[in-house]
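Trainee: Please build the complete structure, drawing on both the sequences and the hints.
There are 2 protein chains.
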Amino acid sequence: MKSEIIAVGSEMLTPWRQDTNSLFLTEKLNEAGVTVTFKTIVGDRQRDLVGAIRNALGRTDIVILMGGLGPTEDDLTREAVAEALALTMRRDASIVAALHARAATWRIAMPSNNHKQADVLQGATVLPNPNGSAPGQWLDSVFGGYRKLLILLPGPPNECKPLFEAECMPRLRSILPARHIARRTLRAAMIPESQADSLLAPIYTTFTDVETTILAHTGDIQLILLCAKPTAEAAQQRVDELAERMEEALDDYLYSSSGETLEQIVLDLLGLRNATLAVAESCTGGLVAQRITSVSGSSRSFLGGAVVYSNDLKTSMAGVAPDLIARHGAVSAEVAQALASGIRQRTGATLGLGITGIAGPTGASEGKPVGLVHFALADAHNVEHVERTFRGDRDRIRQWAAQQALDMVRRKLM
Amino acid sequence: MKSEIIAVGSEMLTPWRQDTNSLFLTEKLNEAGVTVTFKTIVGDRQRDLVGAIRNALGRTDIVILMGGLGPTEDDLTREAVAEALALTMRRDASIVAALHARAATWRIAMPSNNHKQADVLQGATVLPNPNGSAPGQWLDSVFGGYRKLLILLPGPPNECKPLFEAECMPRLRSILPARHIARRTLRAAMIPESQADSLLAPIYTTFTDVETTILAHTGDIQLILLCAKPTAEAAQQRVDELAERMEEALDDYLYSSSGETLEQIVLDLLGLRNATLAVAESCTGGLVAQRITSVSGSSRSFLGGAVVYSNDLKTSMAGVAPDLIARHGAVSAEVAQALASGIRQRTGATLGLGITGIAGPTGASEGKPVGLVHFALADAHNVEHVERTFRGDRDRIRQWAAQQALDMVRRKLM
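Sequences listed follow chains B and F, in order.
Per my numbering, the first sequence starts with residue 1, numbered consecutively.
Per my numbering, the second sequence starts with residue 1, numbered consecutively.
It cannot be assumed that every hint is accurate.
[As the list claims (entries may be wrong)] Label pairs and their computed distance ranges (CB to CB):
1) B/E27 x F/L215: 24 to 30 Å
2) F/H100 x B/I181: 42 to 48 Å
3) B/R102 x F/T362: 44 to 50 Å
4) F/P322 x B/V386: 33 to 39 Å
5) B/I214 x F/S258: 38 to 44 Å
6) F/L215 x B/A97: 32 to 38 Å
7) F/R17 x B/S194: 16 to 22 Å
8) B/G271 x F/P322: 24 to 30 Å
9) F/V386 x B/S112: 50 to 56 Å
10) F/G259 x B/I181: 43 to 49 Å
11) F/D251 x B/I175: 54 to 60 Å
12) B/R90 x F/D197: 32 to 38 Å
13) B/K28 x F/D197: 31 to 37 Å
14) B/E27 x F/R179: 17 to 23 Å
[To be verified] With the C-beta cut set under 7 Å, the calculated list includes, among others, these residues of chain F facing chain B:
15) G123
16) Q290
17) G304
18) S310
Read the hints as simulated data drawn from the structure, not as lab findings.
From the three backbone atoms N, C-alpha and C, an ideal C-beta is built for every residue, glycine too.
Mentor: This is how it looks when you write it as C-alpha cells:
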C-alpha cells in the first residue's frame, strides 16, 4: 500500500521552517505496512493544493494531509479536498457545539470564522482532536475509478501525533493485512562509520527480511533493525538473531542493545557499581556535565564538576599545580591527569574525569593543532590517559570530545 | 518566477532522515526573486521521478533537483530528466577525464559505473563541483510550449550549497530582473511570543513592502526583516526604518539588532566592561557554561565555573554553608545567592551567577513545583535575585533557565 504525505502551509516554503510531523507519520505508517512514496509541501493557495491532491490521488493509495484545518482564510485543506473530489460539505452541529464549549472554557466568545472548522466532507468520518479546535477527517473515496483513502490531520505536532495514533492507527490496522513489527536499536561509540559498515554489511546483507538503517553522528552510531512478519514472535526472533550477530561483531564498541543514550548507559553503570563521577572540563566547557544532567535521576551518581576554562580556575577549582601548566601547557597529558585526580579528590567522587584541548578555530601552537584533546580518568589507584585529534569546526570538535569522554568512563566501568 | 525543489532519495522517505538543503536553497532563490511554491521528496525510482519532474514542470518555471547524481544504480536523476523531456545524453570526455584524475588522487582505479556521472543532458551546461565527483547541470528547456529552467544539483550539503552559490546564483541573477535585498535580524529575550506579536503587529503590518518573520524558541524571539527594492539603498532604508520602530517597541527585551546570539552579546558586553564571569549551575547542569564556551574567544571573559549538582559540591566548590541548605532547601533564593557570591569569590570573577531549580520530572515538594528556578547574580556590591517557574519537560525547563540566566547577565551589563 503506497501513501503520500502532503504538508500544507506557506511557512514551510520559507527558509526557516520545516515539516517534522512527517517523520513520525512515516514511522507509524511503516508499522501498519504502508510505504511513503512521496512527500509534498504546498502553500496556502487553493489552486496549488487542489493540484497537489489530484497528483497524489493519481499516484498513491492513501493521501495524508497535514495542516490547513484552522479557522483562518488561509486554512483551505477541507475546501481543496472538496474541490479535488467534487464533494459537498455539511456543517456538523455537534462540532459547532464543541467549538462554542471550547471558547467558553477560555471565557471568550467564539469568533464567527471558527465555524468553518465544523465543515465535514461528504462521506467523511470526524476524528476527534482533544488537543485543539479542528477535528481530523477520515475519507474513504473513489478517484479515477480506484478506491482511495484520504486522511486530514491538524498541523500542530501536539495535535497531529496523538490524533493519528489514537484515531488512525486502529482504523488502518483494521483495513490492512495483519502484520507484526519487531524493532531493535543498537548503539556503538567512537567507531568510524566506514569501519562499522565493513564489519556489519557482510552480516546484515544476509538478513534480507530485516531492514537495517545506520545513522551516524559525531562518534555515535545507531543501528535500527526492523522486521515485519505474520507473527510477533517470528519478527522478534529474526531481529534478535541479527542483533546478536551484530553485537558480536561490534564487540566493545557496542554500548547499548536497546537504544539508550551513552549518558544513560554511563549513569546505569555508575549506579550498578555504586560509583560516583565528577568532571573537570576545559575545552568541552560544560558539554559533558550537560549531557549527563539531561538524564532525570542523574543526581544519584553524578556529583557535578568544574568548568575550568581559565588556567587560574584549573588551579583553584581542580588543584592543578601552576608550574605543571607552565611546564607542559594547559593542553597536555599532564594537565588532563591533574584535572582528573584533582576533581576526584576535591569532590570525593569514585571517578574523576579531566578534559583539556583546543576546540579552535584559534589556539593552535607548534605540535598542538586545533582538535587535539587530552582525556584522563582517575580512580583511587591510577589515572588513565587518552589523546585524540578530531577534525571539523569548533562545535564538531566539542561534540566528539564529549562523546569520547563519556565513552572512556563507560569502558572503565564495563 | 515560481520554482519547485525536488529532493531525490529514498532515505528521505524513512522516519530518520530529512531534506535540509532546501532551506538554504529557498533563502538563495528568494534573494534572486524566485518563490518556492512546492517542495517534493521522491525516492530512487525512475517512474516516480519522471512523474514528479513532469508535475513540477507543469506548475512552475524553475525546477531544482537535488540528489541522484552519484555513480550507483539508484542514482537516476539524469535518466529521469532525459525521459521526462525526451532528451538524449552524451558522455562528456572532459568529465570522464576528471573522474579518472579524482580516482587517481585517492590511489584507486575508477570503478566503471562511475562513468555515468559524465552523462550530460542534451543542451545542458555542466556546473563544476569542486567538492565531489558528480557535476551539476543547468538546462534551459521547453515543456508544454513554455520555457522552463531545470537545475540538477548533487545531494550532499557540502557539495550542493557551494555549487549553487558559485554556479547558479550568478546565472539566475543574469536572467532575472535586477533586485536588491536588504535583511536584518533582531533578537529579543524572555518576552512571551504573544506579547511580542501584539507589540509588533501594529507596526510591521504597516510596512507592507517588508516581509517580517517571527521565530520563537524557548525564551528567544527572532525577527527577520526582508525587503526587495530596485536599489540596495531603498531596500536597506525600509528595513532600517522598520527595525528602528521595532527596537523602540521591544525596549529592553531587545538584545541584538543584527542577529547575534544571546551568549555572543553577553560576551561582547563583558569585554566592553572589561569584566569577567563565572557560573555555579545546579539544575542547568553545565548548559549555561556550554552555551558561553560555544563562542570562539569566550575564554577572554569567561573564567569557568562549577556544576554543583550535589549539595556537598555546592559547599565544597561554591562555598555554600551546609546549614543554609538545611534551613532553606537547595532550591531557594538564599542558596542561589550563596552560589553566586561563592563562585564569584572563589574565582575572582567580576560577576558570579548562581542557578538552582527543579528541572523535573521528579524532585518537586510542597511549595516547590517542577519548573521552579532561582537565579542570583553577584557583583562586588550586591546580589540580585530572580525567581521564575517554567513549564514543560526537563529539557525545556533547562533551556528556559539557561536563557533566563544569560539574560540576567545581559541586563546587569547594559
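Trainee: Are the hints correct? Go through all of them and say.
Mentor: How the hints compare with the structure:
no.: 1; hint: B/E27 x F/L215: 24 to 30 Å; in the structure: holds, 26 Å
no.: 2; hint: F/H100 x B/I181: 42 to 48 Å; in the structure: holds, 46 Å
no.: 3; hint: B/R102 x F/T362: 44 to 50 Å; in the structure: violated, 33 Å
no.: 4; hint: F/P322 x B/V386: 33 to 39 Å; in the structure: holds, 36 Å
no.: 5; hint: B/I214 x F/S258: 38 to 44 Å; in the structure: holds, 41 Å
no.: 6; hint: F/L215 x B/A97: 32 to 38 Å; in the structure: holds, 36 Å
no.: 7; hint: F/R17 x B/S194: 16 to 22 Å; in the structure: holds, 18 Å
no.: 8; hint: B/G271 x F/P322: 24 to 30 Å; in the structure: holds, 25 Å
no.: 9; hint: F/V386 x B/S112: 50 to 56 Å; in the structure: violated, 43 Å
no.: 10; hint: F/G259 x B/I181: 43 to 49 Å; in the structure: holds, 45 Å
no.: 11; hint: F/D251 x B/I175: 54 to 60 Å; in the structure: holds, 57 Å
no.: 12; hint: B/R90 x F/D197: 32 to 38 Å; in the structure: holds, 35 Å
no.: 13; hint: B/K28 x F/D197: 31 to 37 Å; in the structure: holds, 33 Å
no.: 14; hint: B/E27 x F/R179: 17 to 23 Å; in the structure: violated, 42 Å
no.: 15; hint: G123; in the structure: violated, 27 Å
no.: 16; hint: Q290; in the structure: holds, 4 Å
no.: 17; hint: G304; in the structure: holds, 4 Å
no.: 18; hint: S310; in the structure: holds, 5 Å
The structure fails to meet hints 3, 9, 14, 15 from the earlier list, while all remaining hints are met.
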